[in-house]
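Undergrad: Let's have the full structure, built from the sequences with the hints guiding it.
Chains E and F are the protein sequences, given in the same order.
Count along the first sequence from 1, add 43, and you get the number used in our numbering.
Count along the second sequence from 1, add 43, and you get the number used in our numbering.
Rather than coming from a laboratory, the hints here were simulated on the basis of the structure.
This structure is a prediction, so every number in the text was calculated from the model and none was measured.
Be careful, since some hints might not be right.
Which copy? The list can't say, so a pair holds if one copy fits it or any two copies do.
[Said to hold, decoys possible] Derived BS3-like pairs: lysine-lysine, alpha-carbon spacing no greater than 30 Å straight-line:
#	residue 1	residue 2
1	LYS480	LYS506
2	LYS50	LYS102
3	LYS498	LYS378
4	LYS102	LYS60
5	LYS102	LYS144
6	LYS60	LYS50
7	LYS57	LYS480
8	LYS155	LYS102
9	LYS498	LYS539
10	LYS60	LYS155
11	LYS102	LYS57
12	LYS539	LYS223
13	LYS506	LYS356
14	LYS144	LYS57
15	LYS57	LYS155
So you can see what is in the structure, the chains are spelled out below.
2 protein chains.
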Amino acid sequence: MDEKLQKTLAELYKLTKEVTNLHATQAVLEWDERTYMPENGANQRAEMTGQLAGMSHEKFTSPHIDELLSELEGSELTKDPDAPAAVNIRELRRDYDRATKLPQRLVEELAKITSQAQGVWTKGRHSGEFGEFYPLLEKVIALRQEQADAYGYEADRYDAMLEDYEPGSTIADLSELFDKFRPELVEFVKAIGDSGKQPDISILTRNYPTERQEMFGEMCAAAIGFDFQGGRLDVTTHPFCTGFGPGDTRITTHYDPRRFNNAFFGIMHEAGHGIYDQGLPAEHWGTPMGDSVSLGIHESQSRMWENMVGRSKPFWEHFLPISRCFFPDALSGVKLDDFYFAINDVRPSLIRIEADEVTYNLHIMLRFEMERAFFSGDLKPRDIPGVWNEKFKSYFGIEPPNDAEGCFQDVHWSAGLVGYFPTYTLGNLYAAQFFAKADEELGGLEAMFARGEFKPLKDWLRKNIHQQGRRYPAKKLCEVVTGKPLSHEPMMKYLKEKFSPLYVL
Amino acid sequence: MDEKLQKTLAELYKLTKEVTNLHATQAVLEWDERTYMPENGANQRAEMTGQLAGMSHEKFTSPHIDELLSELEGSELTKDPDAPAAVNIRELRRDYDRATKLPQRLVEELAKITSQAQGVWTKGRHSGEFGEFYPLLEKVIALRQEQADAYGYEADRYDAMLEDYEPGSTIADLSELFDKFRPELVEFVKAIGDSGKQPDISILTRNYPTERQEMFGEMCAAAIGFDFQGGRLDVTTHPFCTGFGPGDTRITTHYDPRRFNNAFFGIMHEAGHGIYDQGLPAEHWGTPMGDSVSLGIHESQSRMWENMVGRSKPFWEHFLPISRCFFPDALSGVKLDDFYFAINDVRPSLIRIEADEVTYNLHIMLRFEMERAFFSGDLKPRDIPGVWNEKFKSYFGIEPPNDAEGCFQDVHWSAGLVGYFPTYTLGNLYAAQFFAKADEELGGLEAMFARGEFKPLKDWLRKNIHQQGRRYPAKKLCEVVTGKPLSHEPMMKYLKEKFSPLYVL
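TA: Here it is in C-alpha cells:
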C-alpha cells in the first residue's frame with residue numbers, strides 16, 4: 044500500500060490515541076470523584092477536569108486532523124467500507140465535523156446554564172417545588188435547539204439530538220417502533236394487573252449484610268464474565284460503569300443491607316456494560332474501531348445480563364443454593380419459584396429506575412412523547428406536569444402525588460439530555476433480538492445457565508458485537524447479527540413467554 | 044502597580060497553574076495505580092502517565108515562560124524579596140532553568156535505563172543475586188553524572204543532585220553536620236547496647252485485627268490534625284502521601300494483623316506529610332508560594348508527628364486506655380511504661396525502614412558515605428558490598444547475611460536517586476530543632492499531648508512552616524523559625540532526654 048497514505052493514517056491514529064488517552068484520564072478523575080474523593084476536593088477537581096476537557100477538545104478539533112482526514116478520504120484505504128481503516132476514517136470524519144460545528148460561546152453557555160439548572164432541579168427534587176426550575180428549563184431547551192440547528196438535520200430537529208446518543212436513529216424510526224410496541228405492552232400490563240396475582244416481595248427486604256452482598260455480587264459478576272484482573276467494583280451514590288482503556292474497566296454499585304435487588308441487579312447491569320467495554324478490540328484502542336457503537340447497543344448488553352440472564356429462572360436454579368450460604372437469615376427455606384417470582388414482580392410504579400422489566404418501557408415511551416412535544420415547542424415547560432400526570436394515569440392507572448415523583452424525577456432534562464431516554468428502550472429491544480439470535484445459534488442457553496455456564500453467551504456477544512467496535516452503526520449491526528431490522532417482536536415474545544406463566548395468563 | 048506587570052504576572056500564574064493541574068492529574072493516576080488499579084491496567088496506565096508527563100514538561104519549558112519571567116525579573120515586583128510575587132519569580136526561574144537544562148535524549152535514556160535497573164534490582168532482592176545489576180547500576184550512575192554536569196554545580200558534582208531534593212544544601216554542609224553528629228550518636232548507641240536492657244516487644248506482635256487498626260489509625264490521624272474532609276487513608280504496598288491540590292490529600296498504609304507498629308506509625312508518619320500539604324496556602328496553589336520547601340522539611344513534619352508526638356509517653360498516656368478498647372486481646376493488662384518502652388525499642392538492625400529513632404540516622408550516614416564514594420568514581424559498583432559490610436559492622440556491630448538485606452535493600456540507587464537519603468536525616472534534625480522551638484514558644488507540649496491536645500502544635504507548624512510555602516529555602520527557613528542554623532544538637536538532646544531514662548543511662 045501507498046507509503047504516504049500509511050504514514051498519514053499512522054499520524055492520524057497517533058493524534059486520536061492522544062485524545063483518547065486524555066478522555067481516559069478524565070474518566071479516572073471522574074471515577075475517583077464519584078467513589079473516593081474527599082468532599083473538600085470538589086472545586087480543585089472541577090478545575091482539573093475542565094482543563095483536561097479543554098485540552099482534548101482543542102487537540103481533536105485542530106485543523107490538522109481535518110487535513111489528515113481529507114488526504115485519506117476517497118483513497119484506496121476506503122475501498123472496503125467495513126475494513127478498520129475505512130471505518131475509522133468515516134467515523135472520525137463524523138466526530139470531527141460534529142465537534143467543530145458548535146460555536147465556543149454555545150458550548151460555554153450550555154455548560155453554565157445546565158449546571159445552574161441541575162442545581163435548581165436538585166433543590167426541587169427535595170422540596171417538590173419546581174417554580175424556579177421552569178425558566179431555566181426553558182433556557183436549556185432553547186440552547187439545545189440552537190445546538191441541534193448548529194449540527195443540522197434532515198427531517199426533524201430532534202434527530203440532531205438523537206445523533207449524539209444513537210447515531211443514525213431518527214424520530215421516524217422510533218415512532219414507528221414505539222407505536223407498534225405500545226399497545227401490545229399496555230394490554231399486557233393490564234392483563235398482569237387483572238390477574239390478581241402478586242409475589243411475596245418481603246423476601247427481598249430481609250437481612251442482606253453489605254459485605255456479603257459485595258462478595259456475592261462480585262462472584263456473580265465474575266461468573267458471567269466480568270474480568271476482575273482488568274476491572275473493579277466500587278461503591279458510589281449513582282451507579283455507573285466507566286473504562287480507562289484496555290485492561291481497566293470499573294463498575295460501581297450502592298448497597299442497602301435491607302434490600303437485595305438494588306445492588307445485585309445493579310451489579311449485573313453494570314457488569315453487562317463492563318463486559319462490553321472489556322470486549323472491545325484492544326488493538327484498536329484510541330480509534331472508533333476500538334469504541335462502542337451507541338448508548339442503545341451499550342444498554343442492550345447491560346439489560347441482557349441484568350434481566351435475560353440475571354432475572355431468569357435457570358440462573359437462580361444455579362445460584363439460589365449458593366446464595367443461601369451467603370444470606371442464611373434471608374433465604375434459608377425460600378423456594379426457587381417464590382424467589383424467582385419475587386425478583387420478577389410486575390406492578391405499575393412511579394419511579395422509572397425502580398420499574399420492572401415490563402412496565403419500564405412505558406416509562407420511556409412517556410418521556411419520549413413529552414420531550415418530543417417540548418423540544419418542538421408544542422409544549423411549554425410549565426404545562427409539562429399537567430400533561431405528564433394525565434398520560435401517566437392512562438398508561439399506569441395511577442397518578443403521581445407530586446412532580447418530584449412525577450415528571451421531574453429524572454436528572455436528564457435539567458442537563459438538556461433530550462433524545463437520551465429512548466436509548467434505554469432501544470437497549471431492551473436490541474437485547475431481546477440479540478438474545479433470541481444467540482439462543483438460536485448456540486442452542487439452549489437456559490440449560491447452560493442452569494449449569495452455571497455463561498461463557499458461550501459471552502463469547503457470542505464478544506464475537507458478534509464487542510469485537511466489531513464501531514464498524515457498523517447500530518441499526519446495521521442489528522441486521523448483520525440477527526439478519527433482521529430491529530423490531531419490538533422479540534421483546535414482546537420474550538416478555539410473554541417469561542411473564543405469562545408467572546401470572547397464569 | 045504597573046498594570047502591564049500585573050498582566051504579565053497573571054499570565055505566568057495561569058500557565059504555572061495549568062502545569063500544576065497536570066501534575067496533580069498525574070498524581071491521581073499514580074495514586075490510583077498504587078491503590079486500586081487492576082493488574083491488567085498497567086500498560087495503558089503507563090501510556091497515560093507518560094503522555095501527561097510529556098505535556099506538562101512541554102508546557103513548563105515553553106520559551107514563553109522564559110519571556111514572561113524575563114519581563115518580571117528586576118521589576119518593582121521583586122523589590123521585597125520575601126513577598127509572594129518575588130518568591131514566585133525567583134523560584135520559577137530556578138525551576139525553569141533546571142527543567143530546560145536537560146537534553147531530551149538524556150531524559151529519555153534515564154527513564155529507560157532506570158526502569159530496566161529497577162526491574163533487575165527487584166529480581167535481585169528476591170534472589171539475593173545482584174550480578175546482573177552491576178552493569179546497569181554503572182550506567183545509571185554515569186547518566187546521573189551527566190545530568191549533574193548538565194545542571195552545573197559550584198563545589199561538588201554531588202551538590203547538583205542534592206539540589207533536586209534539598210535546594211541550597213551542599214555536600215560541605217552535610218559533611219560538617221554529620222561529622223559532628225556521628226561520633227555522639229555511635230557512642231550513644233553503644234551505651235544503649237551496653238545497658239543490658241531490652242523491652243518486651245512481643246506486646247506489639249499480638250492480635251491487632253486489620254479493621255480495628257484502620258479505625259484506630261484514622262482516629263489518631265484525625266486527632267493530630269489530618270483533615271479527612273480534605274483527605275483519605277487507603278491501603279498500598281509501599282506507603283506514601285500524595286496530594287491533588289487544595290482539599291485533597293491522600294495518605295496510604297499497609298496492615299499486618301500481627302504487627303501494630305508498621306501501620307500505626309506509618310499512618311502517623313504519612314499524616315505528618317499530609318498535614319503539611321493540607322496546610323500549604325491554598326490561595327497560592329499552582330505557584331511556588333503554594334508548594335513545599337524540600338524533602339528534608341517535608342520529612343521533618345512526618346518524623347515529628349511519628350516520633351516526637353506518636354512515640355512520646357504523654358501521647359500514650361492519652362491513647363493507651365482508648366487503644367485497649369480497640370485491641371483488648373493484645374493490650375488489656377499492658378502497662379503504659381511497658382508499652383512505651385516496647386514502641387521505643389532501640390537495637391541495631393539490618394533494615395533501614397524498620398530501624399528505631401536512634402539507629403536510623405546511622406543507616407543514613409552510611410548510605411551518604413557510600414553514594415558520595417561511588418558518585419565521585421572512587422568506588423566501583425562491584426566493590427559496594429565489601430565496603431558496605433565492613434562499615435556496617437563498625438557502626439552496628441553486626442554484618443548483613445546477604446546484599447538484599449545489606450547494601451541493595453533500598454530501591455533508591457537503582458532509580459539513580461543519589462542525594463536523596465541525606466534528606467531523611469535532615470528531616471530528623473529539622474524536626475528536633477523545630478520541635479524544641481515550638482515547645483519553648485508554646486510552653487509544655489507534653490502536658491498538652493497528655494490531654495489529647497495537638498492543635499497548638501499543628502497551628503504553630505501551620506503558621507511558621509506550612510503557610511510559608513517556598514518563601515525561604517530550607518536552611519533559611521530554619522533560621523527564621525528557630526533563630527539558629529540547623530544543628531545536630533537539638534536532636535542529640537532530644538534522644539538523650541528520651542532514651543536515657545528508658546535505658547537507665
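Undergrad: Among all the numbered hints in the text so far, which are the ones the structure does not match?
TA: Result: hint 7 breaks, nothing else.
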